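**Student:** Here are the chains, one letter per residue:
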Amino acid sequence: MKKSYVIGGLVIILALAMAMYSFKSTLTSYVTVSEAKASNRPVQVAGVVVTGTDRYDLKNNNLLFTLREDGGDEMKVEYDGPRPGNFDNVTKVVAIGKYQPEKQTFLASELLVKCPTKYEGRVKGE
Amino acid sequence: MNNLGELTIWLGLIAIGISSGCYWVLNSREDDTLAQNVARYSFTGFVALITLASIFLMLAILKHEFIYSYVANYSSRDLPLQYLISSFWAGQEGSFLFWVLMGAWLGIFLMHMAGEMEPQVMFIYNLNNLFLTILLIKQSPFKMLATTPADGQGLNMLLQDPWMVIHPPVVFLGYAAFTIPFAYAIAALWRREYDNWIRPTLPWTVFAFLSLGAGIIIGGFWSYKVLGWGGYWGWDPVENASLLPWLAGAALMHGMILQQSRRKLRKTNFILAAVSFLLIIYCTFLTRSGILADFSVHSFQDLGITGWLVFFMFGFLAITLWFFVTRVRDIPVADKGAAFSYFSREFGLMAAMIILCLSALLTGVGTSAPLITRLAEKASKVSTQFYVDTNLPLALLMVLLLSFVPLLAWGKNDFAKLSRKLIWALLGAVLSGTITLYHGYPGLVLLLLAIFAGAAVGVNLHLAITLIRKKFTMSAGAIAHLGVGLMFVGIIASSVYDRSEKVLLPQGQMEPALGYEMKFSGPKFIREPKGVRLDLPLDVKKGNTQFVAQPDIRSENRRDGQGMRFTRPHIRRGLVSDLYISPVDFQPGKEESRSVSRKQFELKKQQKIQFEDYEITFVGFDISGMMAKKEGQGVSVGADIVVSYKGEDPLTLKPVLTMGKEGNTSSRVKLPGPAEAYLSLTRIEASSGSIVLDYQGPASGQDQIVEKSPPAFIAEVSIKPGMTVLWLGTFLILFGGGIGVARRWPK
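Heads up: the sequence lines are chains A and B, in that order.
Taking the working numbering, the leading residue of the first sequence gets 1, the next gets one more, and so forth.
Taking the working numbering, the leading residue of the second sequence gets 1, the next gets one more, and so forth.
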């Protein structure tokens, strides 16, 4: 019985260590546009879609738009996942990915559109 | 206008306060009939008042009384009845009221079923109701506006779906139900009776597991059907918020079964009952305090109810700890005499509980990442990969356990006796493994997951059939476990083997997509009360099957002037796989003819080109405009261009490109000569130091351009295998849970 506790404990510690590693490596921090341009780690940037800049590029199958953050800084964003169904009525998007200096574009691997259910968002608006 | 709704909630608060006080008295003076009567009547009064308040809110919504801010925010005149009803729980305040209402109604049953433990159980249960009622007063759905608007904001289109009518109530029923195991657990510690709380609590635990599970699954189903991103689970904080208590509750359910049959895990069950309840408050705090809405530094500032939520969370934690610490020496440990075997149902159940708890813990850590990282540095969130990384190995262990533990008896097991039954596990494993490999090697972990999930399906299917024949109500566990196995099969199939393609579908043209032939038969605009619905009918053909798919894009004009657009996918469900067609974009038809010829050239510095009658040389940049940068005007760069027309004297021109906030604008310069021809600077290639010039001049005969394109829409077409299996699996989990509740419900 005692030995089993040791083994079980070790397994759990190992699992937690692996989880810690995954936690650290998938962690993306919230940064500003200028910080994103300087960073070589995946980061996330929040902002609004500049009206009229979003278009769907059929040839490369990706969504392009310009993101503007609160301070007014802008950057181009390219996202090649499926266009979020509620993309057109978002008040805010969060792009997660890496900035490509050679293309001057932020390559987003994940795009969070702020869920338009008032359920969540309204608290802040009030 | 007097605010009756608010008044009834205040009266409800008084009633629940009196009831709690009387139960406190009853705790020390058990046969005080007066106190008991007052406690019960005032609780019933609380239930009546909360019900009344709910009726007021419902009537206000149905009668369009937009003087109430809540009614104006979440409903409108044009909503059909079912969505008017669902606006009751579409917002924070209303859903809190609904939560309290569910707590009140369940409390009536609890009060009559708790028996001897009633004073303590109801006291703790009432504390929670008291807490929710205080929150309800802080966030009243009966707040009034200064002036009555003519119409309300309406209900978000995405929520206008039958599944969204029932999703929130079911979740809140689950939230309310998880209070009951907690109330019993604390009451048991209070009374120092560490075993006999299990029997009355177990059906409630299964009920809570069932209702919260149903809520989660309906949410996933809605997400798949309405949102059009093709998935059903996104590891979103809001989704995780209901998953965490559910996982802890599943562990509790297994622990209670173990305690009931084997007198084990007494302490663990107290902890789990408390944890699953505290997780509900914690997750409510996470999702409603605005902390995760965006993790900016400001979110801690809104202390509307955040402070209360934190206060109550620590309050309940303190109560739990106090009772636990003062009783812990008293709680009997499991019988030492009985032989412990690793090959037993006990061990299997404990292992399953550890896995469920680890999954809840790790998912909880991920969901709380913005909170945790804020302490050290910048608030950060983990990507969904974290949840997959951590839960995948746990899922693997889970299905491995499911493939043999249900066959084990309590105590020592004989492997030889078991091996005959394991034939079903083997059969399922081989079948599932073969099918998986036939469709492509998915990687070792996923292959093993598929194999064990198949084994779990095989074993539990056989077990379920055997038990149903013997005695139907005994099959609850087997059916639920079969569901878990099927769910994992569905998850693997749909997330590993889905195929997806984006296609452009011009009207009237047959286009191939993933083995189907699709023809867009043209858009139909349908006027709706608040906007336009654009139907995009598609004739889909494959072999002999032929059908019309109807995805659509809806636009809504909101009063605040913002247009909203929603795309709705079309799903053709099949036993093996679903065909999922989601509109990405719609392009209206174009027809224009231009009698202008356009041409672009790229020029390096000092490069000279000959074009028609012109000789054009790019001399250099003029960056004086960059210095004169004014607020809001952007940066402008000019290019010095020397042009000579038919060998005449060269002329220096300076087209300018301005890069501003609203994008780039370029000025046009007229070229020398009689023709109406212009040059503009459209782009600067900073790296190569070259420029791109745009020439616009009169067309020379054949250059006349006629552009014509039919309306087209871009669709994301996917084939998602295993979805039906997945939904069947989730249904069976709930069905099994339902049988479990029925079987254990006190007669």
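These are calculated hints, taken from the structure and not from any lab test.
On a predicted model such as this, the values are computed, not experimentally measured, just so you know.
Among the clues, some could well be false.
Computed footprint of chain A on chain B; a stretch qualifies when at least three of its residues, placed anywhere within it, have a C-beta under 8 Å from a C-beta of chain A [what the hints assert, rightly or not]:
#1 356-366
#2 369-381
#3 388-395
Pair by pair, the computed Cβ-Cβ distance ranges are [as the list claims (entries may be wrong)]:
#4 500(B) x 73(A): 49 to 59 Å
#5 443(B) x 41(A): 24 to 34 Å
#6 7(B) x 105(A): 53 to 63 Å
#7 7(B) x 61(A): 53 to 63 Å
#8 605(B) x 101(A): 17 to 27 Å
#9 267(B) x 101(A): 55 to 65 Å
#10 73(A) x 602(B): 44 to 54 Å
#11 80(A) x 446(B): 47 to 57 Å
#12 500(B) x 12(A): 51 to 61 Å
We put the CB at the ideal spot given by N, CA and C, even for glycine.
**Student:** Look at each hint and say if it fits the structure.
**Tutor:** Hint-by-hint comparison with the structure:
By the rule of at least three residues with a Cβ nearer than 8 Å to a Cβ of chain A, the coverage given for the stretch 356-366 of chain B holds, with 4 such residues. Counting residues of the stretch 369-381 of chain B whose CB lies closer than 8 Å to any CB of chain A gives 7, so the stated coverage by that chain holds, three being the minimum. For the stretch 388-395 of chain B, the stated coverage by chain A holds: 3 residues have a C-beta nearer than 8 Å to a C-beta of that chain, and at least 3 were required. For residue 500(B) and residue 73(A), the Cβ-Cβ distance of about 34 Å falls outside the hinted range of 49 to 59 Å, so the restraint is violated.
At roughly 26 Å, the beta carbons of residue 443(B) and residue 41(A) sit within the given window of 24 to 34 Å. The supplied range of 53 to 63 Å is met by residue 7(B) and residue 105(A), whose beta-carbon atoms lie about 58 Å from each other. Distance hint check: the CB atoms of residue 7(B) and residue 61(A) are about 58 Å apart, consistent with the given range 53 to 63 Å. The hinted window of 17 to 27 Å between residue 605(B) and residue 101(A) holds, with their beta carbons roughly 24 Å apart.
Range check, residue 267(B) to residue 101(A): Cβ separation about 57 Å, and the 55 to 65 Å hint holds. Remark: the range hint 44 to 54 Å for residue 73(A) to residue 602(B) is contradicted by a beta-carbon distance near 29 Å. Range check, residue 80(A) to residue 446(B): Cβ separation about 24 Å, and the 47 to 57 Å hint is violated. A hinted range of 51 to 61 Å for the beta carbons of residue 500(B) and residue 12(A) is inconsistent with their spacing of about 38 Å.
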